[in-house]
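Participant: So for the sequence shown, my numbering puts the first residue at -6; every next one is plus one.
Mixed in with the good hints there might be a few duds.
Derived DSSO-like pairs (lysine-lysine); straight-line CA-CA distance at most 27 Å [what the hints assert, rightly or not]:
id, residue 1, residue 2
1, Lys135, Lys155
2, Lys350, Lys200
3, Lys97, Lys201
4, Lys200, Lys97
5, Lys97, Lys198
6, Lys135, Lys350
7, Lys350, Lys97
In case anyone wonders, no lab produced these hints; they're calculated from the structure.
Here the structure is a predicted model, which is why all the values come from computation and not from measurement.
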Amino acid sequence: MSLMLIRKDEFLSNLIGKYYPLLWYTGFHIVLSPLAACFVYLRYRDRDRSPETFIYFVFFLYMFIRAIASLISGDAGRAIATFYNFLVLFSGFLLFQTIKGSDKFSLQIIKSFANLFLFTVISYQLIYMFVLVSGEYYLYHKSLLGIIFQNAELPGLLDAAKTAIYTRFEWGFGDVVPRMVFLAEFPTTSALILSLTYAFFILYKFKKLSFFQLLMIDFIVLVSLTYTQSRVMLLAFLLSLLLSYLLILHRNNKVRAFLYGAFPFLIVMIGLGVFYLTDYLSSFRASSANVRFLSYMMGIELVLDSNPWFGLGVKPRVDSLIDIPIGSHSTLISSLVKFGIIGALFSTILFFIFPIKHVLLKVFNHNIPTEYRVFSVRVLPVILLWMVFQDLDAYTIASLLIFSCFGILSTGNKVK
């Protein structure tokens, strides 16, 4: 009986991590991954009465009331969107609670995401090589969800899940540039998956990796991130590399190790800087930054003029000349636009202040295993910068990954 329970638990953790590419391939990842997180919580549920959990509870209650209010007002579209955002965050929160309450499951989810990293980083190389050789820069296929609902229009990201996109292209100075979108809806989220699953891989295999093996894998991941052309995630990963190397070298306290580590890292940074800071890339991607900044300013001005404390709700009806909708592409600004100053305070405390506090407590506590301290500085810059420019409540895999990191950061678990 116990063996059956272990296998069931491993299957659920693998459904969130290791088997996620299969779910993405079929298009059902948007539904099945959050359900797996709910089943896991029911299996390991534990009463956590910490202040952090209480603040989460109040925040989710506030979101739920806003969703009900939208439904009562007769705006079904906004109500569905609000409920979807609620479920994405709530499923991540349930996973967060499970990891905090169960050392056994936390080890399973670490292993599952580590396996997902191996599949992802190998797939990146094969897909990009195929794209460059074949010249098919827009690589995609219809998912099983797309085949079943071929003639039906589904709401929001469910409709996007009807197509599994591996790479898409953008134009720059007349040239076509392929961008990796594997396992996600957008390149930035694809880069997030690669960066965070790599952190779980390091956590799982840290004691078996030599410094030079770690450096070599870092280089492979760094090159893989360039396939997504996400400037924010590349910067975040470089920052996480620098912090983790300083932590490892401080532990070893060896000048030779510093020289071996610093010079290759410096060479990689200079090489990527020469490539990425050219007019070629900065020019044809600069317009996206301008549009996004304009969206942020419009959203802030609109909510402060209209309803500063309670916000405008999900998907506010605003006539806009820009492509990016008001109140999107930033977790903090999105919370402000949707739920006002109250929502922005919740978002700041839960998604920024608490993670930073947990990381600082881990990094400066020498009684905590080094692999957990390295994991902390690996994930924090990536998560924070991603949330500055993306919505946490929009993507299921991003929510599950980030909340899994929050769960590990808030505990003192040890990899056995």
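Participant: For each hint given before, does the structure comply? Return the numbers of the non-compliant ones in rising order.
Facilitator: Hint 6 contradicted; others consistent.
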